[in-house]
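Peer 1: The primary structure of each chain is shown beneath.
There are 2 protein chains.
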Amino acid sequence: MLYFEDFAVGHKFVTASRRVDAAEIVEFAKKYDPQPFHLDAEAARTSLFGGLAASGWHSAAMTMRLIVDSEFRPAGGIIGGGGELQWLKPVRPGDELHVESEIVELRGSRSRPLQGLVKVRITTLNQHGEAVQTFTPTLLVQRRG
Amino acid sequence: MLYFEDFAVGHKFVTASRRVDAAEIVEFAKKYDPQPFHLDAEAARTSLFGGLAASGWHSAAMTMRLIVDSEFRPAGGIIGGGGELQWLKPVRPGDELHVESEIVELRGSRSRPLQGLVKVRITTLNQHGEAVQTFTPTLLVQRRG
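As you go down the protein sequences, you meet chains A and B in turn. Add 4 to the 1-based position in the first sequence for the working numbering, that's all there is to it. Add 4 to the 1-based position in the second sequence for the working numbering, that's all there is to it.
Treat the hints with caution; some may be incorrect.
Note that the list lumps identical chains together, so a pair holds whenever it fits in one copy or between two copies.
Said to hold, decoys possible - Straight-line distance between alpha carbons at most 27 Å, and here's what the computed DSSO-like set of lysine-lysine pairs gives: (1) K16 x K35; (2) K34 x K123; (3) K16 x K34; (4) K93 x K16; (5) K93 x K123; (6) K16 x K123; (7) K93 x K35.
Calculated from the structure, these hints are not laboratory results.
Just chain A, same shape as in the assembly (with noise of 0.2 Å):
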């Protein structure tokens, strides 16, 4: 369990790595992002994505699952208020992908003494070390004692 006190700004966690496969991607699709690109491998072909490609809120999901399940592991739980969102590259079946995060920033919570602001840019990258999404949240993390 790491405390506030325990991070610092440069620190850097690496997750494993998990295999996106097409059922997955259609799996999840069908429940929350039901559209062709993310369904069809044939409708997804004359598409912007020129063939099956994951919802980005997929790959979101699949990130936070790799975080959680690595050393990765703030004192509270992993809670964030949000932050800047990116999707960059396209994620295929068959892509591994794995998630290099680093603290960029420290902060006190004037709201909550007993908890302090942890600033992490995630960066989720695919078998050729291509970043194909960044997220950059601001955790709550409990303060030590």
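Keeping the supplied structure of chain A fixed, place chain B upon it in accordance with the hints.
Peer 2: Only chain B this time, still in chain A's reference frame:
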């Protein structure tokens, strides 16, 4: 189908509403965000949330589904490069969510002459009229002809 030329700054779109149930909160969390406050009401009571709350990614995914099922139908599909995402309030079992969107900016794309960029402020509200999430993406929308 709405082409780039059909949009104007200030246009508003409202979706239907969707009830959030505890089983779906837990199902999503098991797959993508398995932290105690998204999995178990008892464990959630002592967390910062004070009770079971949906993963922020689940809120985002439900928001997307409401929009895809609505009359907001940009030509080429709803394809965004990302934007600022904020979670403002917990989403709880029994909440009724709907989404209100407003076009806030329109501009051409230098790299893609066949498309225009539509910036939209997307607010997800609960049954008390409280904003639980905002997302302000820039979408890539086909031009007419």
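Peer 1: Hint numbers the structure violates, sorted upward?
Peer 2: none
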